[in-house]
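Asks: Construct the entire structure; sequences and hints are all you get.
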Amino acid sequence: MRLSRKSDYALRAVRHLSTLPKGKLGSINSVSEAEEIPREFLAKILKDLTRSGILVSYQGVTGGYRIAKLPKDITFLDVIEAIDGPVHLNLCTEDDNCRCERQGTCQMKDFWAVQEGSFKKSLSREHFGKYKRAAKENSDQI
1057 MRLSRKSDYA
1067 LRAVRHLSTL
1077 PKGKLGSINS
1087 VSEAEEIPRE
1097 FLAKILKDLT
1107 RSGILVSYQG
1117 VTGGYRIAKL
1127 PKDITFLDVI
1137 EAIDGPVHLN
1147 LCTEDDNCRC
1157 ERQGTCQMKD
1167 FWAVQEGSFK
1177 KSLSREHFGK
1187 YKRAAKENSD
1197 QI
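Numbering (this note's numbering), first residue to last: 1057 to 1198.
Quick caveat, the hints were computed from the structure, so don't treat them as lab data.
Treat the hints loosely; a few may be bogus.
Unchecked claim - Cross-link-like lysine-lysine pairs, in silico, DSBU-like; alpha carbons within 35 Å at most: (1) Lys1080 with Lys1188; (2) Lys1188 with Lys1103; (3) Lys1100 with Lys1080; (4) Lys1186 with Lys1080; (5) Lys1125 with Lys1186; (6) Lys1188 with Lys1078; (7) Lys1062 with Lys1176; (8) Lys1165 with Lys1078; (9) Lys1165 with Lys1080; (10) Lys1062 with Lys1125.
As the structure is a computational prediction, the values presented were derived from the model and not from experiment.
Replies: Have a look at this one:
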């Protein structure tokens, strides 16, 4: 599986927004510039993240975006699935009714199911709370 560019950018955007001081909004321009993400592409990504409940958007001149939950409650898996849909490593794991021509005789489905479960578990353990802490520690040192 290869992470899409859109998911990569979404992870970077959420990381950026999760490090902002409480109550501060991030504008599309500020996130785009800080994370080096094309503005037009970022606008679509932020809309998807807002629709999925990861971000909250505020309209108007002083509008922008903020994370909708505590950073520790937003996982990498949440962001990736909000952008790309469910994570699957192989056709065999997409649903219980494998559409593979080897269905019934394939001995690999269990292997892929275990690998996918492990990968998803890793993504769900990685959250944005540690980036918030790191940003605070860095600002305390200045």
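Asks: Look at each hint and say if it fits the structure.
Replies: Hint check:
1. Lys1080 with Lys1188: holds, 13 Å
2. Lys1188 with Lys1103: With a Cα-Cα distance of about 22 Å, the restraint between Lys1188 and Lys1103 holds, given a limit of 35 Å.
3. Lys1100 with Lys1080: Distance of about 21 Å is within 35 Å: holds.
4. Lys1186 with Lys1080: Between Lys1186 and Lys1080 the Cα gap is close to 19 Å, so the pair holds against 35 Å.
5. Lys1125 with Lys1186: holds, 14 Å
6. Lys1188 with Lys1078: holds, 10 Å
7. Lys1062 with Lys1176: holds, 18 Å
8. Lys1165 with Lys1078: violated, 45 Å
9. Lys1165 with Lys1080: Since the Cα atoms of Lys1165 and Lys1080 sit roughly 47 Å apart, the hinted pair is violated (cutoff 35 Å).
10. Lys1062 with Lys1125: holds, 21 Å
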